[in-house]
Amino acid sequence: MAAVDEVRGLGHSVQRKEDERFIRGKGTYVDDVKLPGMLHMEILRSPLAHARIRSIDTSRAAALPGVVAVVTGELLAQHNLAWMPTLSGDTQAVLATDKVRFQGQEVACVVAETPYIAKDALELIDVDYEPLQVVTTPQQALADGAPVIRDEKEGQLDNHIYHWEAGDAEATEKAFAEADRVVSLDTFYPRCHPAPLECCACIADLNPATGKATIYMTSQAPHAHRTLFALVAGLSEEKIRIISPDIGGGFGNKVPIYPGYVVATAASLLLGRPVKWVEDRTGNLISTGFARDFHMHGELALKGDRMTGLKVKMLSDNGAFFADAQPSKFRAGLFHIVTGSYDIPAAHVETDGAYTNKAPGGVAYRCSFRVTEASYLIERLVQTAAYELEIDPAELRRKNFVKKEQFPYTSATGFEYDSGDYEAALDVALEKLGYAELRKEQEEARKEGRLIGIGLASFTEVVGAGPGKHYDIAGLRMFDSAELRVHPTGKAVLKLGVKSQGQGHETTFAQIVAAELGIPPEDVEVQEGDTDHTPYGLGTYASRSTPTGGAATAVISRKLRDKARRIAAHLLETSEEDLEWEDNRFVVKGAPDRTKTIQELAFAAYTDIPDGMEAGLEGVHYYDPPNMTYPFGTYAVVVEVDRGTGAWKVNRVVAVDDCGVRINPMVVEGQIMGGLAEGFGIAALQLITFDEDGNCVGANFMDYLLPTAWETPAFELGETVTPSPHHPIGAKGVGESATVGSPAAYVNAVVDALAHAGVRNLEMPVTSDKVWAALQEAGLAE
Amino acid sequence: MYPAGFEYFAPTSVEEALSVLERYGDEAKVLAGGQSLIPLMKLRFASPRALVDLNRIEGLDGLYEDDGMLNVGALVRHKTCERSELLKSRYDVLADAAPQISDPIVRNLGTMAGSLAHADPQGDWGSALLAAGAQVQARGPGGTRTIPLDEFFVGPFTTALEPTEIVTWVQVPDPGPRAGGAYLKLERRVGDFATAAVGVHVSFTNGKAERAGIALTGVGPRNLRARAAEEALAGHELDDDAIAEAARLAAEAAEPQDDVRGSAEYKRNVVRVFTERGLRKAAERREER
Amino acid sequence: MTETATEQAVYTRTVNVTVNGEARSAEIETRLLLVHFLRDTLGLTGTHIGCDTSSCGACTVLLDGIPAKSCTLFAVQADGRELTTVEGLMQDGQHHPIQDGFHEEHGLQCGFCTPGMMLTATALLADNPDPSEEEIRWAISGNICRCTGYQNIVKAVQHAAAAMKEGR
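Chains as they are written, first to last, in the working numbering: chain A, 1 to 782; chain B, 1 to 289; chain C, 1 to 168.
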């Protein structure tokens, strides 16, 4: 009799099956692929942020030996490819034609025999620019007299993109009118960038002999990209194969379609040879999907210590093209989750988006569709309220949490939270931290002239997009899929519509099959990323893989188990009702020696089936989630601030997460630690900014600072488990929780170190000079 | 990411290297660690027609004391300095600076001499060695000359070296048995240039500072000596008042700019705080010897 | 521009390098970066490129046993020298303890920083067989990871250190 542990389904820290190729250096990332006859493409980028293009002379570049083609916007325009649709219903220039609209915008491409020659040729392209007035903030963009950036759009008379509201304005006004106190906060979530270690890349191989278009692409959503390629480039969809192989990190940066992909495809079509484009880091930071750049004004209405209303006005800087990667019905993503973990009866949220002379984007970087911004705002507001009310920040949160009994809970902005126990997570965090002792220590330290700060954040986020009637990407409903086939020898192949960029799907999804069907994870091969061989899905971002793809996997595994039951009944000559399922076998009730293992049943599916039954043991399921899922937790950060320099050091990070059922605790913890490190980087270091001429500061890794192992603190992790009631295995997804929830914890900690002297806010990235300025003003500087 | 083409030379003697430099003049660049030059070439901010790789020349990697001088050869890597017991023994400002330069992988190849010849105004060695009163040996077609480091740095990325000259040795006078120093660097992150840094190097006689070197990084168009602060300390004990005054003068000597790392006022204050902390550390270390 | 496109000279050299114990030779442009030599000329794609300012360490290889950024070296500089890339970590079909460490401690997620990270770690352990957490973090501070938050990488190195001490 097999022991239960042999199967290792949910809750087991199975070591990752995908590791072997990576530790041998045998991963296949896009740039590792070489095709016969392959050419290399490099992009010429605009040095100016806003300028009319008077002329482009490519003759010297085209004459360089080794150069095969030079592509400009003018050439693309002849094939109707100079502009392409974005995921947010706008258009984006593939290569600039009339104007350049941000520094770094793609202006021309050289295709050559080697990337060195392509780069040589870039220097030989002469572009004559006529500089125009530059707009670098949304406030500037929306002011009277601002130059119209998108003057090529019919009817676009200014730089305003959209206005969007959620919640109940009237009820909120009433709450504010009746409030004892209103706490407000103006804060800016600066522009940062996901910066996965692997830059974006593609190889477009349009084979004239077969008519097939094979495109290797760093894609987090290969099927959606295939459909968009078909619609945009006019290629026939059954002839397009997108292969997203190993991806060196995505974090939302690899969701949009970039001009480089489109031009490489067009070039391959024109030249009949494969064309490879690998962007450099500068191109990645200056032009691809950035994150945030969100100006927020929040007001919290309180009656006593109870939150009664929340009002938020935001201004979103979307860059030169509105290219947010988010469900199309939500112009500001899921920002309206902003009431967070708190039972706030009335809320109203208003956003306006503006064009500026900067790269397009805004929704990326483990943000769960702008939940990072929302979570930051509410947690910073609550902290501010605690100081103004002179209530302990943990207690103010506790008093206002949505209570366990209130779930499922409908928020003031219409989200139906599936499950939660916020108080339990807070208690675990405070206990782990030794909160009461720490507050005493903080007091003592102050007397010695040392500044210690404790920052909390109790986040609730919303992931798992999503129910088809509300959630779509460019019209494609956000279901996801799983196709499972069990071979006669009891091994299985699971094909998915999601696509890992390091999240460990080859192991965790195999564990779901193991849990439902009893086939050990090592016997389940998981395939993702090749659109010719996988069922249609919407990809991996916004922590959706487990909530959607994981659910589809569980459902299809159960369907196969149902079929296996019928086969077992046939083999054991009993009725289906008389059979019990035990980990990996059916057992006749009351006759424990009469069993059939899943492996025996798989074999039988091909060799000995009841009359009328179809052979085989396989199926595909497309799962439409009934709701989103709501992971939550409490993070606590302890810092000490140097009064001489304003530099701060993290002494402790305690992170308690609840993502429902944990498929693989080791993988879950890995995701959380990665997110906590990113949260630290965002809070402390990372910034993309622009001078008044629109020059980008932060377009390389010397200026855009990512945390190393030296700055990154160590993390103490804890957990609570509150399953999702609607998810087949009770799991919620966790990939982004820590990036969403932790920045506020870090910032709250630094503010807390200075709060006794009246400091209430510090803007991210909280660099030492900003802290020092606050110390000076508060009379705390050394 | 893709440099322009160049002719590559890997001479095995200094003479051979110099003859290539004579031929190409300012169209040649000298390559030692390459950790500053090659990144510039990849971005095409530098596109020399000839590259003279010094790494095959023997005899340029010595780190030793001789005749009252610390001698550091042109090919001595930052990592060697980081590990040197000799530097830790009496050259604290250098021992402190070495591990704070760039990141640990860059330090395996980057050289002290190369760093000085590159003359990045935000370079750490420049200040540490100015504080230590260093000089360089430069060899050219006419022979070898000694250039005090004060005169070596002419401006940002500009030195007193002729295009036909190579730095062969960096030399630091022995500060004596009772010396103490420190190099304090505020950086946003490992590998970043200094937001502001201060190097101090003090030799003592009878408990009083005989010679004080104080130099500043990242707060001016080049590495700066804080001369008024140095003079204020000379002949004095390093007590609280002397330290506070020197720190005040050092902050005054700084010429910082507002930039993404902070305001000028902020950096000036860091100079003050670090000069104080550095001098205290120098006094402590002297005590321990 | 003083030169026309067709006048640009191409400078080449023959380079002889030992890579993972094997002698390799090729005629290449002098401007070819070592990382491109490894990836494109020799087909060893385990060494990765993550940036263009020598800041990220993804391209780290061992040059005569010492970690070096292969994107910040010309291939010609490696003439006559020994290189170790990630492909050279396995010996006789067996994992190097560092590879086991990364696997068993979940020290990798997307795998892109992993080759460089492991090589830096092996050099650390050769120099310091029993490093503290602080020493490990300091030694790998030139290798950026975006996925793991570094904590499991530290554990991976500690795991390897323990295994190597026991002679595994």
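The hints are simulated quantities; they were obtained by calculation from the structure and are not laboratory data. Treat the hints with care, since some could be wrong.
Covered stretches of chain B, as calculated for chain A (at least 3 residues, CB under 8 angstroms) [unchecked claim]:
hint: 1; segment: 144–152
hint: 2; segment: 182–196
Chain C side only, calculated, beta carbon under 10 angstroms to chain B, not exhaustive [as the list claims (entries may be wrong)]:
hint: 3; residue: 23
hint: 4; residue: 24
hint: 5; residue: 139
For glycine and all other residues, C-beta sits at the position ideal for the given N, C-alpha and C.
Query raised in the report: Are 3 or more residues of the segment 144–152 of chain B near chain A, judged by a Cβ distance of less than 8 angstroms?
Result: violated (count 0)
Query raised in the report: With 10 angstroms as the cut and Cβ atoms as the points, is residue 23 of chain C at the interface with chain B?
Result: 19 angstroms, violated
**Report entry** Hint check, residue 24 of chain C versus chain B [nearest Cβ-Cβ separation less than 10 angstroms]
**Finding:** 18 angstroms, violated
Query - Coverage assertion for the segment 182–196 of chain B with respect to chain A, Cβ distance below 8 angstroms, three residues required - result: holds (count 7)
Requested in this report: So, residue 139 of chain C near chain B? Judge it on the closest CB pair being under 10 angstroms.
Outcome: Holds - the Cβ of residue 139 of chain C comes within 10 angstroms of chain B, reaching about 6 angstroms at its closest.
Hint compliance for this structure: hints 1, 3, 4 are broken, all remaining hints hold.
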